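As given, the protein sequences belong to chains Z and U, one line each in that order.
Quick note on the numbering used here: the first sequence kicks off at 1 and runs consecutively.
Quick note on the numbering used here: the second sequence kicks off at 1 and runs consecutively.
Since the hints were made in silico from the structure, they are not lab data.
The model shown is predicted, which means the values in this text are computed figures rather than measured ones.
C-beta atoms are modelled at their ideal positions from N, C-alpha and C, and glycine is treated no differently.
Incorrect hints may appear among the rest.
Covered stretches of chain Z, as calculated for chain U (at least 3 residues, CB under 8 Å) [claimed, not checked]:
(1) 92-104
(2) 196-206
(3) 232-245
If you want the ones that stay clear, here's a sample from chain Z, every Cβ over 10 Å from chain U, calculated [stated by the list, open to error]:
(4) Arg-36
(5) Gly-69
(6) Ala-404
Listing some non-contacts, in silico: residues in chain U with all C-beta distances to chain Z over 10 Å [unchecked claim]:
(7) Ala-51
(8) Leu-135
(9) Arg-246
For reference, the chains in residue letters:
Protein chains: 2
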Amino acid sequence: MPYFDAASAAPLHPVARQALQASLDEGWADPARLYREGRRARMLLDAAREAAAEAVGCRPDELAFTSSGTRAVHTGIAGALAARRRVGRHLIVSAVEHSSVLHSADAFEAEGGSVTRVPVLRTGAVTAASYAGALRTDTALACLQSANHEVGTEQPVAEVAEECRAAGVPLLVDAAQSLGWGPVEGDWSLLTASAHKWGGPSGVGLLAVRKGVRFAPQGPADERESGRAPGFENIPAIVAAAASLRAVRAETAQEAVRLRELTERIRTAVVERVPDVEVVGDPVRRLPGIVTFSCLYVDGETLLHALDREGFSVSSGSSCTSSTLTPSHVLKAMGVLSEGNVRVSLPPGTAEEDVERFLTVLPGLVAGVREQLGAPAPATAVRAEELVVDALGRRCPIPVIELAKVIGSVPRGGMVRVLSDDEAARLDIPAWCEMRGQEYVGEEPADQGSAYLVRRVS
Amino acid sequence: MPYFDAASAAPLHPVARQALQASLDEGWADPARLYREGRRARMLLDAAREAAAEAVGCRPDELAFTSSGTRAVHTGIAGALAARRRVGRHLIVSAVEHSSVLHSADAFEAEGGSVTRVPVLRTGAVTAASYAGALRTDTALACLQSANHEVGTEQPVAEVAEECRAAGVPLLVDAAQSLGWGPVEGDWSLLTASAHKWGGPSGVGLLAVRKGVRFAPQGPADERESGRAPGFENIPAIVAAAASLRAVRAETAQEAVRLRELTERIRTAVVERVPDVEVVGDPVRRLPGIVTFSCLYVDGETLLHALDREGFSVSSGSSCTSSTLTPSHVLKAMGVLSEGNVRVSLPPGTAEEDVERFLTVLPGLVAGVREQLGAPAPATAVRAEELVVDALGRRCPIPVIELAKVIGSVPRGGMVRVLSDDEAARLDIPAWCEMRGQEYVGEEPADQGSAYLVRRVS
Numbered sequence: 001m002p003y004f005d006a007a008s009a010a011p012l013h014p015v016a017r018q019a020l021q022a023s024l025d026e027g028w029a030d031p032a033r034l035y036r037e038g039r040r041a042r043m044l045l046d047a048a049r050e051a052a053a054e055a056v057g058c059r060p061d062e063l064a065f066t067s068s069g070t071r072a073v074h075t076g077i078a079g080a081l082a083a084r085r086r087v088g089r090h091l092i093v094s095a096v097e098h099s100s101v102l103h104s105a106d107a108f109e110a111e112g113g114s115v116t117r118v119p120v121l122r123t124g125a126v127t128a129a130s131y132a133g134a135l136r137t138d139t140a141l142a143c144l145q146s147a148n149h150e151v152g153t154e155q156p157v158a159e160v161a162e163e164c165r166a167a168g169v170p171l172l173v174d175a176a177q178s179l180g181w182g183p184v185e186g187d188w189s190l191l192t193a194s195a196h197k198w199g200g201p202s203g204v205g206l207l208a209v210r211k212g213v214r215f216a217p218q219g220p221a222d223e224r225e226s227g228r229a230p231g232f233e234n235i236p237a238i239v240a241a242a243a244s245l246r247a248v249r250a251e252t253a254q255e256a257v258r259l260r261e262l263t264e265r266i267r268t269a270v271v272e273r274v275p276d277v278e279v280v281g282d283p284v285r286r287l288p289g290i291v292t293f294s295c296l297y298v299d300g301e302t303l304l305h306a307l308d309r310e311g312f313s314v315s316s317g318s319s320c321t322s323s324t325l326t327p328s329h330v331l332k333a334m335g336v337l338s339e340g341n342v343r344v345s346l347p348p349g350t351a352e353e354d355v356e357r358f359l360t361v362l363p364g365l366v367a368g369v370r371e372q373l374g375a376p377a378p379a380t381a382v383r384a385e386e387l388v389v390d391a392l393g394r395r396c397p398i399p400v401i402e403l404a405k406v407i408g409s410v411p412r413g414g415m416v417r418v419l420s421d422d423e424a425a426r427l428d429i430p431a432w433c434e435m436r437g438q439e440y441v442g443e444e445p446a447d448q449g450s451a452y453l454v455r456r457v458s
Numbered sequence: 001m002p003y004f005d006a007a008s009a010a011p012l013h014p015v016a017r018q019a020l021q022a023s024l025d026e027g028w029a030d031p032a033r034l035y036r037e038g039r040r041a042r043m044l045l046d047a048a049r050e051a052a053a054e055a056v057g058c059r060p061d062e063l064a065f066t067s068s069g070t071r072a073v074h075t076g077i078a079g080a081l082a083a084r085r086r087v088g089r090h091l092i093v094s095a096v097e098h099s100s101v102l103h104s105a106d107a108f109e110a111e112g113g114s115v116t117r118v119p120v121l122r123t124g125a126v127t128a129a130s131y132a133g134a135l136r137t138d139t140a141l142a143c144l145q146s147a148n149h150e151v152g153t154e155q156p157v158a159e160v161a162e163e164c165r166a167a168g169v170p171l172l173v174d175a176a177q178s179l180g181w182g183p184v185e186g187d188w189s190l191l192t193a194s195a196h197k198w199g200g201p202s203g204v205g206l207l208a209v210r211k212g213v214r215f216a217p218q219g220p221a222d223e224r225e226s227g228r229a230p231g232f233e234n235i236p237a238i239v240a241a242a243a244s245l246r247a248v249r250a251e252t253a254q255e256a257v258r259l260r261e262l263t264e265r266i267r268t269a270v271v272e273r274v275p276d277v278e279v280v281g282d283p284v285r286r287l288p289g290i291v292t293f294s295c296l297y298v299d300g301e302t303l304l305h306a307l308d309r310e311g312f313s314v315s316s317g318s319s320c321t322s323s324t325l326t327p328s329h330v331l332k333a334m335g336v337l338s339e340g341n342v343r344v345s346l347p348p349g350t351a352e353e354d355v356e357r358f359l360t361v362l363p364g365l366v367a368g369v370r371e372q373l374g375a376p377a378p379a380t381a382v383r384a385e386e387l388v389v390d391a392l393g394r395r396c397p398i399p400v401i402e403l404a405k406v407i408g409s410v411p412r413g414g415m416v417r418v419l420s421d422d423e424a425a426r427l428d429i430p431a432w433c434e435m436r437g438q439e440y441v442g443e444e445p446a447d448q449g450s451a452y453l454v455r456r457v458s
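Based on the sequences and whatever the hints tell you, model everything.
What follows is the structure, given as structure tokens:
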């Protein structure tokens, strides 16, 4: 039963399990206490901090263990912003950050701060120049992920760090997706990560704050973890997190090459075998294990269920999933197709046969979903040189399917007007035009929803 | 090697260990995902929530799992205060709450809120009348622990809850010390707890918010745990926490009686065997496993080390410990002796022989510490009818030892003036006077530190 969603959470690494079980007996006591159980717990905590700091590339006293990667991000951003309040109240983030970063930015804005959301290229990457352009004299902090969690694209962290350094602005790097593969290059100021992404247990995040970087923890005071992570330390999980980080790093060199070959195989084969598919994300500067593609005329949730029935666990940034009505902010910022979106993220140790079987069953499943969705004909009416497709009340991917059905029935130069109140249409109709070589003219307000104008040019 | 510090952290309950290990395989995936690993994780989380809610005495949808008891308190207080901002900015806490509550109150005060700290009786208990007296029309929230963590005294939660209800003010109960023993009685509005206090794993706290209680989570938004606990859920630990809560509750009836007998034995025997000792906390309305006493003329840290060498792990609220220079705020609020303070908190399953051995070695260890400290004679000088003891620069328990040495050398009605710059003297000199039947006249400012005036009356 292949699990291809390591970017959400990786199963526990054997070393993590072993370390966790061993330290349940030794690490449960309060490390602040003077008696032997406390001293043993303190020793385990100190050793874990040293190991994790070495893997991060910082000093042990720069590293705090938080209760999750999300907490590390919330604490890191709030603490860095508060410490530089006198400099200004401006924050820079990329448009494709993890929700923990974007929600921190929203909270900061709600308190009166100002936020610049740096756009990305179609690959999902920012440019150092766009960060440089966003820096202001009142910028308190900039944030950039090391690599994107939905499409795997690596960000130019070292170059952005240089721009920030030149401007005297600290840079917080969310390394959640990449830390298992290696340390973050460049001169970052704060770094966050999450253990369950590299096969460590849930309940452990990392927050590193370089010496000399101003930091003022927010919220009620607490003496634990240098005041940066309130609450009783979860030492067995911390020990397991540090041990497994060291273990996955030792396996990295070999496994990175192998997984990169497997994802390259998927990148190539998907396009060959599935018609009307777009592979998204940078083809070269990317994490080894992640590959993301979108299938035209496909409902993401239905495809996920079909794959689940075949034993494959993947995730989707489509709007067509039960938990959300809007497409992933990442795909949106990249301007790529979101419908029928599938993210495959391979955990270390993924078997080649499982990938091959995935590639064997995928084309049939996509065809099946398309057939299932192809049925209902829209109410169409000719209006001068223009064809109107009324897709009001229809959800992604129906509006695009209806557009594709009728584009051939207007003459070249003629126009199709798609009426839709589905949020995803705003992203997917332009993306379809780009894939199909048709001209996307623009969006107009309509009585209900919007009208999307497409000119047939081919 | 008897561990007598269960009130800090209890060793992992066998049921917790079993549940943790089992759910490491089933509960690592993201419960928000649609595939089978996600669905399995969701099922485990739902089942744990139901079990924990039953033990708390609330509905499952009223209960969120946080990353620690401290986080539950921080989140609960901040969310309740923010939701009632329009009612007012007044918070009530008892003077003997856990530091997570008191630090939340400090943070609220720093933001412009006003805080009433309700005093306690010499037993450590508040009265419902004093809470009633503290309630104001602008009171947004009241907080009260179910039982005290340092002396074991149970608080009149149900009566205080009634006062709060009558005033329309929500009551948050910190049930960290008592939840393993049973549900909290009375009509509370919010409740917090911590799994590692009942033998669950570290990394799990509970926050219950009754339906109808206004609550506005603070900080960046997050969709997990009803928005009340950001970050990836730690499901294996949550499962273990819920399973062990159910297990300890099943053992409670029998174990509570047994531990109560053991702590009663300590209460009695300590006073019989150790001279100049004060047992503190309510002798009747108290938790089964906690007993706290203070030994005159003893340095708490030295006694802890001596006990540790004999294999006993206990903690101390004395100022004479390496991590702090001020006595425990609890002992201070109770107005009892803080020097040579020892808290014994027995975990379930404590063997009677271990308690007997503790009572056998304790008198000798206390005598040894006293002998060790008894040596240096102070510089004393007669001034009219008054004797001056210069204990400047000397740390607890030396000022009290020197006072005791000289009290006999002034006539009845005469005065001893103790010069001290040690924070603990302010608490311990009046407490010594009460124990010894001497009159504590008061404190006067001095060139350095303070002068404490004691009249010999017996």
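### Task
Starting from the hint list further up, note which numbers the structure goes against and sort them upward.
Of the numbered hints given earlier, those the structure breaks are 4 and 5, listed in rising order.
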